[in-house]
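Trainee: Sequence:
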Amino acid sequence: MKKCVILWVLALMVLACGNTNESQTSATQLLWITDEEILVGSSLALGGHAGYLGTQTLHGALAYIQHVNQQGGIYGRRIKVVAYDDGYDPPRCVTNTQKLIVQDKVFALFCYVGTPTTVKILPLVEEARIPVVGMFTGANALREPLNRY
0 MKKCVILWVL
10 ALMVLACGNT
20 NESQTSATQL
30 LWITDEEILV
40 GSSLALGGHA
50 GYLGTQTLHG
60 ALAYIQHVNQ
70 QGGIYGRRIK
80 VVAYDDGYDP
90 PRCVTNTQKL
100 IVQDKVFALF
110 CYVGTPTTVK
120 ILPLVEEARI
130 PVVGMFTGAN
140 ALREPLNRY
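Taking numbering that gives the first Met the number 0, the leading residue of the sequence shown gets 0, the next gets one more, and so forth.
You can trust all of the hints, since none of them are fake.
Pairs of lysine-lysine residues, derived as DSBU-like cross-links and limited to a Cα-Cα distance of at most 30 Å, are as follows:
#	residue 1	residue 2
1	119	79
2	98	119
3	104	119
4	79	98
5	104	79
Distance ranges between label pairs, derived from CB positions:
#	residue 1	residue 2	range
6	139	70	29 to 39 Å
7	139	35	34 to 44 Å
8	104	147	16 to 26 Å
To be clear, the hints were calculated from the coordinates, so they are not data collected in a lab.
Since this is a predicted model, take the numbers as computed values, not measurements.
Note that beta-carbon positions come from the ideal geometry of N, C-alpha and C, so glycine has one too.
Full structure from sequences and hints, please.
Mentor: Dropping the structure here:
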């Protein structure tokens, strides 16, 4: 169920971008979404003490993304995932997130696992104005005060 929610939110974001007219298309949209691909990124524990949780969360999401891609993607665009191992270490998560935003130029961040890591990326997310969806954490710090991203 959680996997479906993650991809449903991603689909809504893409649909919103797909309905813009030429005069509203920004340069950032052109970097993050091409005619063939939607690039999303994740930093999560793929090793270490929380590695099993991160690995299984990512595998579940990738299974559904593969299904979506096999059905033609979203408006013909395939979803591509870039994932980095943060070992459940907040400084590594921040470094990975910076790389996803600056170098990889992802459209959205998703599948972040854990409160200590996810809370640390909030300033980056706010500055970059990039959405984060499908986090595996229940921390109120991600909801209060309201953060639109």
